[in-house]
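Engineer: Could you build the full structure based on these sequences and the hints that come with them?
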Amino acid sequence: MNTLAARSSNTPNSLSHLASTPRRSLFARHPELFTLILIVLVSTVVGSINPNFFEVSTIFDILRSSTVTGLFALGVLIVLAAGGIDVSFTAIAVLCMYAITKAVLRYWPEAPFVLILFCGAWMGALLGACNGYLIHRLKAPSLIVTIGTQYLLRGFLLTFVGTVFFMVIPKSMDGFGRIALINYMAPAGSTAVLPASVLVLVVAATVTWFLLNRTLMGRAIYAMGGNLAIAERLGYNLRVVHVFVFGYVGLLAGIGGIVHASTIRLASPFDLVGSEMDVIAAVILGGARITGGTGTVTGTLLGVILVTLINNVMILAGVPSTWQKVVIGAFILLAGAVFAARRKK
Amino acid sequence: MASSNSVSGDPFLNVVGIHKRFGGVHALRGVSLTIMPGEIYHLLGENGCGKSTLIKIISGAQPPDEGELIVAGHQYHALKPLESLAAGIETVYQDLSLIPNLSVAENVALTEQLVATNGKMLRRFDRQLLARTSKHALETVGLPSDADFRETPVELLPIATRQLVAIARAIATRARMVIMDEPTTALTQREVDNLIRVINGLRASGVAVLFVSHKLDECYAIGGQVIVLRDGEKVAQGPIVDYSKTQLMQLMTGKQLDGRRYRTGVPTRETVLRAKGLGVSGAFADVCFELRRGEILGFTGLLDSGRNELALALAGVAPADSGDLRLDNELQYFNTPADAIRKGIGYVPEDRLSEGLFLDKPIRDNVVTAVLDRLLGRFGMLDASKGDGLAEHMVKELQIVAPNVMLPVQSLSGGNQQRVLIGRWLAIEPRVLILHGPTVGVDVGSKDTIYRIIQRLAEKGLAVIIISDDLPELLQNCDRILLMRKGCLAGEYDPAKMEEAELYHALVGTERDEVAA
Chain A
275 MNTLAARSSN TPNSLSHLAS TPRRSLFARH PELFTLILIV LVSTVVGSIN
325 PNFFEVSTIF DILRSSTVTG LFALGVLIVL AAGGIDVSFT AIAVLCMYAI
375 TKAVLRYWPE APFVLILFCG AWMGALLGAC NGYLIHRLKA PSLIVTIGTQ
425 YLLRGFLLTF VGTVFFMVIP KSMDGFGRIA LINYMAPAGS TAVLPASVLV
475 LVVAATVTWF LLNRTLMGRA IYAMGGNLAI AERLGYNLRV VHVFVFGYVG
525 LLAGIGGIVH ASTIRLASPF DLVGSEMDVI AAVILGGARI TGGTGTVTGT
575 LLGVILVTLI NNVMILAGVP STWQKVVIGA FILLAGAVFA ARRKK
Chain B
12 MASSNSVSGD PFLNVVGIHK RFGGVHALRG VSLTIMPGEI YHLLGENGCG
62 KSTLIKIISG AQPPDEGELI VAGHQYHALK PLESLAAGIE TVYQDLSLIP
112 NLSVAENVAL TEQLVATNGK MLRRFDRQLL ARTSKHALET VGLPSDADFR
162 ETPVELLPIA TRQLVAIARA IATRARMVIM DEPTTALTQR EVDNLIRVIN
212 GLRASGVAVL FVSHKLDECY AIGGQVIVLR DGEKVAQGPI VDYSKTQLMQ
262 LMTGKQLDGR RYRTGVPTRE TVLRAKGLGV SGAFADVCFE LRRGEILGFT
312 GLLDSGRNEL ALALAGVAPA DSGDLRLDNE LQYFNTPADA IRKGIGYVPE
362 DRLSEGLFLD KPIRDNVVTA VLDRLLGRFG MLDASKGDGL AEHMVKELQI
412 VAPNVMLPVQ SLSGGNQQRV LIGRWLAIEP RVLILHGPTV GVDVGSKDTI
462 YRIIQRLAEK GLAVIIISDD LPELLQNCDR ILLMRKGCLA GEYDPAKMEE
512 AELYHALVGT ERDEVAA
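First to last, the protein sequences are chains A and B.
Taking this note's numbering, the leading residue of the first sequence gets 275, the next gets one more, and so forth.
Taking this note's numbering, the leading residue of the second sequence gets 12, the next gets one more, and so forth.
Don't read these hints as lab results, they were simulated from the structure.
A couple of the hints might just be wrong.
[Said to hold, decoys possible] Within a straight-line C-alpha distance of at most 27 Å, the following computed DSSO-like cross-link-like pairs (lysine-lysine) qualify:
#1 K67/B / K413/A
#2 K131/B / K413/A
#3 K413/A / K91/B
#4 K372/B / K413/A
Structural biologist: Here you go:
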C-alpha cells in the first residue's frame with residue numbers, strides 16, 4: 275500500500291497496477307517457431323533413416339515443389355488475415371493457365387514470357403476482384419461465395435474453353451521453366467538444378483510481406499480480420515479492402531497458374547482444382563488462425579515447406595505415400611492444440 | 012474544415028431536428044443540440060432513450076432519417092465515419108470498438124494516418140509517427156507507454172486497460188470534439204479520477220466533450236452542461252449545477268427516486284457458505300468469511316485487489332488452489348462452473364455481453380440454459396412448454412419488460428438483459444447467488460428494480476454476494492462490506508453506519524488529499 279502510494283506520487287499520472295504487460299509464451303508470440311520445429315523434426319527423422327536426404331538436390335527439389343503452393347499460400351494468408359477464406363483460387367489459376375496457354379498457342383506462339391505472366395496476373399486479379407466485390411456486395415460469407423465461383427469458373431473452363439491437354443506449351447513458357455538459377459554438381463557426378471521460377475516466389479513473398487507490414491492496407495487487412503464491424507466504424511473502406519484482398523489472391527493465383535504450366539510443361543484443364551486444402555493446411559500450419567486477423571509471411575512459407583517436405587521426402591524414409599495425408603492431418607491437429615493452448619494462456 | 016474554433020461564439024456542432032427510426036421504434040424524435048468548443052456536455056438518459064443512437068449519428072456510424080448536422084460550419088445530411096473523424100470528432104464507444112488483434116499502438120494511433128491519406132490505403136504507414144502519437148496519448152491517460160506495452164495485442168489486456176486504450180485513441184490526435192459513451196464502467200475510482208483530469212485538460216484546450224455516464228456523481232465532479240434525453244426527446248439542457256441529483260433522476264425516468272438504503276431483511280443465523288484460507292496464487296490469499304442464509308455480503312476493492320479472482324474461484328471458473336470452502340458444512344471443490352452450479356451456486360458475471368448472455372437467442376433459451384436437464388420430457392427430448400413456463404415465470408418475477416419470451420436478448424435494454432441473466436441463475440434454485448457488478452451499464456430506473464429484486468431474494472432466504480465498484484450500490488444493499496486490497500481482506504464495514512466518502516477513502520487507501528472534493 276505504501277509502496278503504491280509512493281510510486282503514484284512520483285508519477286502522478288501513471289496507474290501502476292495497469293502497467294504489467296501480459297506475459298506470453300514464445301509460441302504465442304512466434305507461432306512460426308512451432309512450424310520450424312516440426313520441419314527440423316521431420317528432416318531429422320527422414321535424414322536418420324536415409325542419409326541421402328541431406329543433399330543439395332533434396333533442398334532444390336523442395337524449393338521447386340514449393341513454388342506454386344507458396345504463391346497460392348501467400349494469397350490464402352492474406353485472405354485469412356482479413357478474416358475470410360478463398361477456395362476458388364485453384365479454379366482461377368487453372369482457368370488463367372489454360373485459357374492463356376490456349377490463346378497464345380493459337381494467336382501468338384512466340385509471345386514473350388513476361389507478357390504471358392502479366393496476362394495471367396491481370397486475368398487472375400480481375401476474377402479475384404469479382405469475388406471480393408460479390409462478398410462485399412452480398413454480405414455473404416466468403417466461403418460460400420468462393421465455393422460458388424470455384425464451380426462456376428471450372429465449369430466455364432471445361433464447357434467453353436476446352437478439355438484437351440496441351441502437351442506442348444508455348445516456347446517462351448517452356449524456356450522459362452528450363453532456366454536454371456543454380457546448377458550444382460554433386461561429387462557423385464549428378465547435377466541438381468534450382469529453377470529460376472523460385473525467384474517468382476521470392477518476389478511475391480517480399481511484396482506480400484511489405485504489403486502486410488508496411489502499408490496502411492496491411493493494417494486494414496488485419497483490422498478487418500480482427501473485427502469487421504469495428505473496422506468499418508473506424509473509417510476503413512471495407513469495399514476497397516475486400517476487392518483488394520481477393521484481387522490479390524487472384525493475382526497470385528494467375529501467376530501461380532502460369533508458373534505451374536511452365537515448370538511441368540503441360541497445360542491440363544483438370545489440374546490444380548482439388549488442391550485447395552493442401553494450401554490452406556500449409557497456411558494454418560504456418561500459424562495463421564482460421565478465425566482471421568493473424569498470420570505472417572515467414573510462417574506461411576515455413577508451413578508450405580513443411581507440407582512439401584512431407585509430400586516429397588517421406589518416400590525417402592520408406593514411408594508409403596498414402597501416409598503423407600495421415601502425417602499432415604496429425605500435424606494440423608497438433609498445431610491446433612498448441613495454438614489453442616497459446617490463446618488460453 | 013478549418014474554421015476558427017477559438018471564437019467562443021461559434022458552435023462546433025449543430026444537430027438540427029434529428030429523427031431516427033428502427034423498424035417500428037422511433038428512437039430519436041427531432042433532437043436538436045448545440046455543442047460549443049471547450050465545453051463539457053453530459054448526455055443523460057435511461058437505457059433505450061436514444062443516447063447511443065445519437066452518438067452513432069454524430070460519429071457517422073449510422074445515418075439519420077431526417078434532420079441535419081452542421082460541423083464547424085459545414086452542413087451534412089449524414090456523416091461517414093471518416094468524415095466525422097476528419098472533422099475532429101473522436102468517439103469512445105460503449106463497446107470500446109478496439110480491434111482485438113491489433114497492437115495497442117495501432118489501435119490508438121492508426122486512425123490518424125488513415126484520416127491523413129483520406130482513406131487511401133495503398134500508402135506506406137509511418138511507424139515512427141505511430142509510435143510518437145501513441146506514446147503521447149498513452150502517457151496522457153496514465154497507461155504505460157513503453158514499446159513492450161505498445162506492441163501488446165489489445166485482446167490480451169484486461170477490460171479496464173482496454174477502456175483506457177479506447178480513451179487514448181480518442182485523444183491521440185488533435186480532436187475538436189470527444190464523445191465518451193460510458194467510458195468509466197470498468198474503471199476503478201482511481202482511474203476515474205485520472206480520466207476527470209484528462210477531460211479537464213481537453214476542456215482547457217478548447218475541445219468539446221460529450222460525456223455519457225450513469226454515474227451522476229462523476230458528472231457533478233466533472234461539471235459543465237447537462238443534456239437529458241427521455242424516449243428519444245430532449246427534455247432538459249443547462250448547467251449541471253442547476254439541477255439536483257433527484258431532479259436529474261426524475262427528468263430521466265419521469266419517476267420519483269432517491270438514494271436511500273434498500274436493505275430490508277435481516278440475515279438468519281444459519282451459515283450457508285464458509286471460506287477458510289481461500290487463495291489463488293498470484294491473485295489473492297487467505298480469504299476467510301462466512302455467509303448466512305438471507306444475508307447480502309458485499310465485496311469491493313481496486314482492480315488488482317483480487318476481488319474478481321475471488322468471484323471466479325467461488326463460481327468454479329478459475330478454481331482456488333488453497334484453503335477450503337464449505338457449503339452447509341460440507342467441503343467443496345469447484346473445479347468447473349458445472350460443479351458450482353450443481354451445488355447451487357449461481358454466478359452472474361461482470362461482463363454480461365461476452366461471458367453471460369447469448370445475445371441473438373431468445374429470452375427463453377437464455378433463462379433455461381443452466382437447467383436443461385430439468386426440462387427433459389419423454390425420450391430425453393427437451394420439453395419446450397416447460398421451458399416457456401419457466402421463462403415466463405422469470406419474466407414476471409423479475410419484471411422484465413418484453414412482449415414475449417421468444418424475443419432475442421439483444422433487443423432488450425441493458426437493465427432488462429441483466430435481469431434475464433439473473434433469471435437464468437434463479438432458475439437453478441441457488442443456495443448462493445454471486446452478482447458481479449450487477450448494475451454495470453444499467454440505468455437508474457432499472458437499477459432500482461434490480462435492487463428491489465435482490466432484496467426480495469434475500470428475504471426469501473437466498474444468500475447473496477455482490478462484488479462491485481459501485482460504492483452507493485454496496486452501501487444501499489448489503490449487510491456487511493468486505494474490502495480487499497492487494498489480494499487480502501483489508502477490512503469489514505457496516506454499511507448502515509457509514510458514508511460513501513468514508514468507504515471511498517478506505518478503498519483508495521492513502522490518497523486522501525486528492526479526494527477532498
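Engineer: Take a quick look at whether K131/B and K413/A sit within 27 Å of each other, Cα to Cα.
Structural biologist: Given pair K131/B, K413/A holds - Cα atoms ~22 Å apart, limit 27 Å.
Engineer: Do the alpha carbons of K67/B and K413/A lie within 27 Å of each other, as the hint requires?
Structural biologist: Holds: K67/B and K413/A sit about 21 Å apart, inside 27 Å.
Engineer: Starting from K413/A, check that the Cα of K91/B is at most 27 Å away, please.
Structural biologist: holds (19 Å)
Engineer: Run the distance test for K372/B versus K413/A: straight-line Cα separation, threshold 27 Å.
Structural biologist: With Cα atoms ~22 Å apart, K372/B and K413/A stay inside 27 Å; holds.
The structure shown violates none of the earlier numbered hints.
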